[in-house]
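Use these hints to put chains F and U onto chain D, whose structure you have.
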Amino acid sequence: MQLAIRHRTRYRYDPAVAAVGVRLKLYPPTFAAQHPVAWTVAVNGVAVAPGFRDGWGDQVATHFVRGEVAAVEIEAAGVVDTRDEAGVVRGLREAVRPGMCLRATPRTEADSAIAALAREALEDGGTQLQQAHRLQDLVTARIAYRAGHTDGATTAPVALASGAGVCQDHAHVVIAAARSLGWPARYVAGYCLHAEDGGDDVATHAWAELWLDGIGWVGFDASNDLCPTDAYVRLCAGLDAFDAAPIRGHVEGAGAEALDVRVAIHPAGAEQ
Amino acid sequence: MSTLSRTAADLFWMARYLERAESMARLVEMGARVAMLPARGVTARDEWRSVALAAGCDGYFDPEASSVDAIILGLVVDRENPSSIASCFERARANARSVRTALSVQAWESLNETWLRLDELTVSRVLHELPQVVDWVKGRCAQFRGAADATLLRDDRFEFARLGLLIERADTTLRLLDVKHFVLLPETQVVGGDPDRHRWTSILVATSALRAYHWVYRGDYSPERIVDLLLLNGSCPRSYAFCYGEIVQALEHLARLYGARHACHTSAAATLAAIGDTAIGDVFHTGLHGFLTEAIGGNNRLSREIATAYHF
Amino acid sequence: MFDEMNGDDGARPPYCGVAHWLDTLGLATLDGKRREAETLFRRSGITFAVYGEGGDPERLIPFDLIPRVFGRDEWQRLAAGIVQRARALNAFLWDVYHRGEILRAGVVPEALVYRNRAFLPEMVGFDPPGRIYAHIVGIDLVRTGPGEFRVLEDNCRTPSGVSYMLENREIMMRMFPELFAGNRVEPVDGYADQLRATLEDMAPRHGPRAPVCVVLTPGPFNAAYYEHSYLADQMGAELVEARDLFVDDGALWMKTTRGPTRVDVVYRRIDDEFLDPLVFRPDSYLGVAGLMDVYRAGRVTLVSAPGAGVADDKAVYCYVPEMIRFYLGEAPVLENVPTWQCALPEHRDHVLTHLDELVVKEVHGSGGYGMLIGPRASAAERAEFARKIAHDPAAFIAQPTLSLSTVPTLTPRGIASRHVDFRPFCLVGRQIRLTPGGLTRVALREGSLVVNSSQGGGVKDTWVLSE
Numbered sequence: 001m002q003l004a005i006r007h008r009t010r011y012r013y014d015p016a017v018a019a020v021g022v023r024l025k026l027y028p029p030t031f032a033a034q035h036p037v038a039w040t041v042a043v044n045g046v047a048v049a050p051g052f053r054d055g056w057g058d059q060v061a062t063h064f065v066r067g068e069v070a071a072v073e074i075e076a077a078g079v080v081d082t083r084d085e086a087g088v089v090r091g092l093r094e095a096v097r098p099g100m101c102l103r104a105t106p107r108t109e110a111d112s113a114i115a116a117l118a119r120e121a122l123e124d125g126g127t128q129l130q131q132a133h134r135l136q137d138l139v140t141a142r143i144a145y146r147a148g149h150t151d152g153a154t155t156a157p158v159a160l161a162s163g164a165g166v167c168q169d170h171a172h173v174v175i176a177a178a179r180s181l182g183w184p185a186r187y188v189a190g191y192c193l194h195a196e197d198g199g200d201d202v203a204t205h206a207w208a209e210l211w212l213d214g215i216g217w218v219g220f221d222a223s224n225d226l227c228p229t230d231a232y233v234r235l236c237a238g239l240d241a242f243d244a245a246p247i248r249g250h251v252e253g254a255g256a257e258a259l260d261v262r263v264a265i266h267p268a269g270a271e272q
Numbered sequence: 001m002s003t004l005s006r007t008a009a010d011l012f013w014m015a016r017y018l019e020r021a022e023s024m025a026r027l028v029e030m031g032a033r034v035a036m037l038p039a040r041g042v043t044a045r046d047e048w049r050s051v052a053l054a055a056g057c058d059g060y061f062d063p064e065a066s067s068v069d070a071i072i073l074g075l076v077v078d079r080e081n082p083s084s085i086a087s088c089f090e091r092a093r094a095n096a097r098s099v100r101t102a103l104s105v106q107a108w109e110s111l112n113e114t115w116l117r118l119d120e121l122t123v124s125r126v127l128h129e130l131p132q133v134v135d136w137v138k139g140r141c142a143q144f145r146g147a148a149d150a151t152l153l154r155d156d157r158f159e160f161a162r163l164g165l166l167i168e169r170a171d172t173t174l175r176l177l178d179v180k181h182f183v184l185l186p187e188t189q190v191v192g193g194d195p196d197r198h199r200w201t202s203i204l205v206a207t208s209a210l211r212a213y214h215w216v217y218r219g220d221y222s223p224e225r226i227v228d229l230l231l232l233n234g235s236c237p238r239s240y241a242f243c244y245g246e247i248v249q250a251l252e253h254l255a256r257l258y259g260a261r262h263a264c265h266t267s268a269a270a271t272l273a274a275i276g277d278t279a280i281g282d283v284f285h286t287g288l289h290g291f292l293t294e295a296i297g298g299n300n301r302l303s304r305e306i307a308t309a310y311h312f
Numbered sequence: 001m002f003d004e005m006n007g008d009d010g011a012r013p014p015y016c017g018v019a020h021w022l023d024t025l026g027l028a029t030l031d032g033k034r035r036e037a038e039t040l041f042r043r044s045g046i047t048f049a050v051y052g053e054g055g056d057p058e059r060l061i062p063f064d065l066i067p068r069v070f071g072r073d074e075w076q077r078l079a080a081g082i083v084q085r086a087r088a089l090n091a092f093l094w095d096v097y098h099r100g101e102i103l104r105a106g107v108v109p110e111a112l113v114y115r116n117r118a119f120l121p122e123m124v125g126f127d128p129p130g131r132i133y134a135h136i137v138g139i140d141l142v143r144t145g146p147g148e149f150r151v152l153e154d155n156c157r158t159p160s161g162v163s164y165m166l167e168n169r170e171i172m173m174r175m176f177p178e179l180f181a182g183n184r185v186e187p188v189d190g191y192a193d194q195l196r197a198t199l200e201d202m203a204p205r206h207g208p209r210a211p212v213c214v215v216l217t218p219g220p221f222n223a224a225y226y227e228h229s230y231l232a233d234q235m236g237a238e239l240v241e242a243r244d245l246f247v248d249d250g251a252l253w254m255k256t257t258r259g260p261t262r263v264d265v266v267y268r269r270i271d272d273e274f275l276d277p278l279v280f281r282p283d284s285y286l287g288v289a290g291l292m293d294v295y296r297a298g299r300v301t302l303v304s305a306p307g308a309g310v311a312d313d314k315a316v317y318c319y320v321p322e323m324i325r326f327y328l329g330e331a332p333v334l335e336n337v338p339t340w341q342c343a344l345p346e347h348r349d350h351v352l353t354h355l356d357e358l359v360v361k362e363v364h365g366s367g368g369y370g371m372l373i374g375p376r377a378s379a380a381e382r383a384e385f386a387r388k389i390a391h392d393p394a395a396f397i398a399q400p401t402l403s404l405s406t407v408p409t410l411t412p413r414g415i416a417s418r419h420v421d422f423r424p425f426c427l428v429g430r431q432i433r434l435t436p437g438g439l440t441r442v443a444l445r446e447g448s449l450v451v452n453s454s455q456g457g458g459v460k461d462t463w464v465l466s467e
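Just so you know, the sequences run in chain order D, F and U. Per the numbering used here, the very first residue in the first sequence carries number 1; after that it's consecutive. Per the numbering used here, the very first residue in the second sequence carries number 1; after that it's consecutive. Per the numbering used here, the very first residue in the third sequence carries number 1; after that it's consecutive.
The following block holds chain D by itself, in its conformation from the complex:
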């Protein structure tokens, strides 16, 4: 499939601030399941090229806006060729080794409930892949998708206990549970074409990738209870949502910040 994406993030500052630095991981990497055909990232209309590729295989750009900064608008847009690889990540140029993805972060520390959930996934036996699917099913079942119930700082145990959350919470719980079993796990940020959404005004998406022996990294999206398909575009990875944030900012000054994010995603050729 070919997906056309336009991802716009706008920060407003009142009063204006002295400087804003942004660190962008907004460049979809090329691997077996995806290949960007055309892709540009611009900050306040200025094209920004990546400076280097990090250990996760993601390209990173840093850009500064200085002077009286009242608004910073980041736009990533382009077309990505995708293939359904059943969530398996093959051919990604990455240097991070699975063992590094066993360390807990403040958001993905497992508590006893998460550890119990993880053990439950093993109960029916089967292959590790089957157990991983079972874990995904369990998380989908235990955490209802509900926006606004949690926030960016919500930890995996809190999300599970509350029984509701968004894609970030699903991913964090899958990751925390997998790591408690000794399975390397990581957080992935990206885009997803939701048929039912009609394509407009969705936010970015996120899911987990688990390292399965003999297969490698496999994506698990507990929000949709499926492994990523050709409807998914992978942006960047990290140990948790904070680590894998596609955009991080640093503000010099004390203006109140307002954020507005729009993601439009369509099959190419079907743009409005």
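No lab work stands behind these hints: they were computed from the structure. Incorrect hints may have been included.
Computed Cβ-Cβ distance ranges for the label pairs, DEER-style [stated by the list, open to error]:
#, chain 1, residue 1, chain 2, residue 2, range
1, F, 59, U, 376, 54 to 60 Å
2, F, 82, D, 260, 57 to 63 Å
3, F, 65, U, 39, 39 to 45 Å
4, U, 431, F, 258, 52 to 58 Å
5, F, 113, U, 401, 24 to 30 Å
6, F, 249, U, 415, 54 to 60 Å
7, U, 344, F, 80, 39 to 45 Å
8, F, 104, U, 401, 45 to 51 Å
9, D, 254, U, 187, 49 to 55 Å
From chain U, some residues computed to sit far from chain D (all C-beta separations above 10 Å) [claimed, not checked]:
#, residue
10, 27
11, 72
12, 98
13, 271
14, 332
Going by beta-carbon spacing under 10 Å, a handful of chain U positions derived as facing chain D [to be verified]:
#, residue
15, 97
16, 113
17, 122
18, 125
19, 183
20, 246
21, 248
22, 282
Computed from a prediction, not measured in an experiment: that's the story for all the values here. For glycine and all other residues, C-beta sits at the position ideal for the given N, C-alpha and C.
Just chains F and U now, kept in the frame of chain D:
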């Protein structure tokens, strides 16, 4: 040649605070003098309050509640008062410490030793041995200046420190004249008499210019002459004219070192030329207060222009 | 107990000159000189701030006048061991941030490295200039006998104390010129030039002009600020704080009176997590936003490399002799102190049953904090540590209580033996440079084994004799 902007700013402010410490010591000396012979209808406390006003510390004291002792302590040792002698040394030393490497060992050690000995300024010493305390402060400042003069490289950093000192000194002299200008208005001459003369000479004491006055004018005290000495006489080292002569020199040196001139160069040269064209009669004719207000504003503006030109 | 000066039959050879000098000087003169030295230190502002302890925020580290002396042969063996260790530690760092061969080979446990807080995924796959991570390696050594040296700890981040090595020598030479005239002591004052050469070696670009190197300090309130300013001064480098720097256009700049000046090498004396609020702690005011990305793009060099701390962890320490064999194919010249890792069940059991004879340390602790000296501790303190170990075993290691060597030291009651350790500073650039000397720390309390300056330790001048 270039210097870290923060280093330039720290040197500039180190010199300003040291100069401010010394100015404060002189003002306290003046206060002690006038308070011994208060003017008619005026108490010693009023005299000290006017010293606090000249020192720019009027906002810090409660004018009704503060006793003479409280004012003296506030001007000398109170760390709550950012302009007290102790605070000025403290801040000068903090500035110096963060740019230690830009100072010579001798200059740094002189300032550091002053700071280490600040504890010696006890309340009882300040109240009972004020003249000795004032002398100590002036001595420490002179020692630092001597050490700096003898050992600092004559590079851009030296000029930033020198500019800080001169800007501060010009400001002090101008503000002192402004606070005291009512004593110097011609009308008061009619009253005449010793108390007034005492007031005038106290201004000369505060600027260490009493002896210079005798050498230059060799006659009776008059407000015109006192103002002339402190504003327009380029050979009096605390005068406005002197400060601007030196400021222009320092800026010219920087212009040569950097190969670039800025707005501050133009402003300083214009001010110096204007001082040269001014006659003391004109100052009194058009109004001393107005002249001083304008000069103080111009001096502050120049300080900002220097900071802008050299990115600090 | 081994005293480095007093052997069974008189002074040991390296100390003959010092022993003779002490005899002729007399205690009263020595005490007068001590006061003189203290005045010199205080006036020049050489202080060491200790936080959370109250009292004088700019406290002096006590300086003991009696030097610690190594003979030429003793030093040569030490030097070989120090350089060997510095090479192995850097090889280890490059390896774990790349393919991790030593982990795949099962020589070092993967979890110990990858799950270590000091291991930074942000550094994975990156090649720092010269593949060097730890450019200044401080190795803490103790001596337990005439030929017995053991490594207590490695410091791969920003080991401090080198300014004391330099200043102690300056003060000694100023106060006792006659002492140096009669002994052939290797000079240490080349250290700053060597550090500068090491930094310049590491510049990402080499053009017609010398690279711009800066020392990045957290500021005057940091305990080691004196050292930061001292080293910057000695090297002729700018001492900068975060607010003096900014990133733009893919490069690092410092704000000068002429406008922005490009910076090539940053000798940073701030911790990894504060380096860059865009990558690490977002609330850091000590770092520079965008610095890491300029570094990873190869447009500035950070000394030491972020993530170098994973090599000086007290648990990773246990494997340094293995690293030397693995990467260099050599036998270690210097031995470790035998160490029990509480993370390993059988080690843990041993530690818990022998708490009264062991020294227990926190894996991530430093500066003598979070430490239990079993034989000196009360039963309650030992019980407290037993609880801590049981709660988080991987956070602790234990070592036998060593009989540290002693060196004569001036005390309020005359000259007496006090325990010492030793920290030499090895510089690793395109070549390895080791100054003949280092920092000797001395536990000033009688019988005490804690030499940390934050815990009441003092310092001595350290001599290496050239013949």
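Hints versus structure:
Between residue 59 of chain F and residue 376 of chain U the beta carbons are some 57 Å apart, a value that agrees with the proposed interval 54 to 60 Å. In this structure, residue 82 of chain F and residue 260 of chain D break the distance hint of 57 to 63 Å, their C-beta atoms being roughly 44 Å apart. Checked against the hint of 39 to 45 Å, the pair residue 65 of chain F and residue 39 of chain U passes, with Cβ atoms roughly 43 Å apart. In this structure the hint that residue 431 of chain U and residue 258 of chain F lie 52 to 58 Å apart at CB is violated, the actual value being about 38 Å.
A C-beta distance of roughly 44 Å is found between residue 113 of chain F and residue 401 of chain U, which places it outside the suggested range of 24 to 30 Å. Between residue 249 of chain F and residue 415 of chain U the C-beta distance comes to about 58 Å, which sits within the given range of 54 to 60 Å. Checked against the hint of 39 to 45 Å, the C-beta distance between residue 344 of chain U and residue 80 of chain F comes to roughly 58 Å, which is inconsistent with it. Taken as a hint, the range 45 to 51 Å holds for the pair residue 104 of chain F and residue 401 of chain U, whose Cβ atoms sit roughly 48 Å apart.
About 52 Å separates the C-beta atoms of residue 254 of chain D and residue 187 of chain U, a value consistent with the hinted range of 49 to 55 Å. For residue 27 of chain U, the condition that its CB be more than 10 Å from all CB atoms of chain D holds, with the nearest at approximately 57 Å. At roughly 46 Å, the least C-beta separation between residue 72 of chain U and chain D is larger than 10 Å, which holds for a residue marked as non-interface. Taking the minimum C-beta to C-beta distance to chain D, about 7 Å, the non-interface status of residue 98 of chain U is violated against the 10 Å cut.
Under the 10 Å C-beta cut-off, the non-interface status given to residue 271 of chain U relative to chain D holds; the minimum distance is some 18 Å. No Cβ of chain D comes within 10 Å of the Cβ of residue 332 of chain U; the nearest lies about 26 Å off, and the non-interface call holds. Hint status for residue 97 of chain U: holds, given a least beta-carbon distance of 8 Å to chain D, under 10 Å. Taken as an interface hint, residue 113 of chain U checks out: its beta carbon lies about 8 Å from the nearest beta carbon of chain D, inside 10 Å.
This hint holds: residue 122 of chain U has a C-beta 7 Å from the nearest C-beta of chain D, less than the 10 Å allowed. With its C-beta approaching chain D no nearer than about 3 Å, residue 125 of chain U sits inside the 10 Å limit, and its interface hint holds. Hint status for residue 183 of chain U relative to chain D: violated, with the closest Cβ pair at about 52 Å, above 10 Å. A distance limit of 10 Å between C-beta atoms decides the matter here; for residue 246 of chain U the minimum to chain D is near 8 Å, and the interface restraint holds.
This hint holds: residue 248 of chain U has a C-beta 6 Å from the nearest C-beta of chain D, less than the 10 Å allowed. The restraint placing residue 282 of chain U at the interface with chain D holds, with a minimum CB-CB distance near 7 Å, inside the 10 Å limit.
Violated hints, in rising order: 2, 4, 5, 7, 12 and 19; the structure is consistent with all others.
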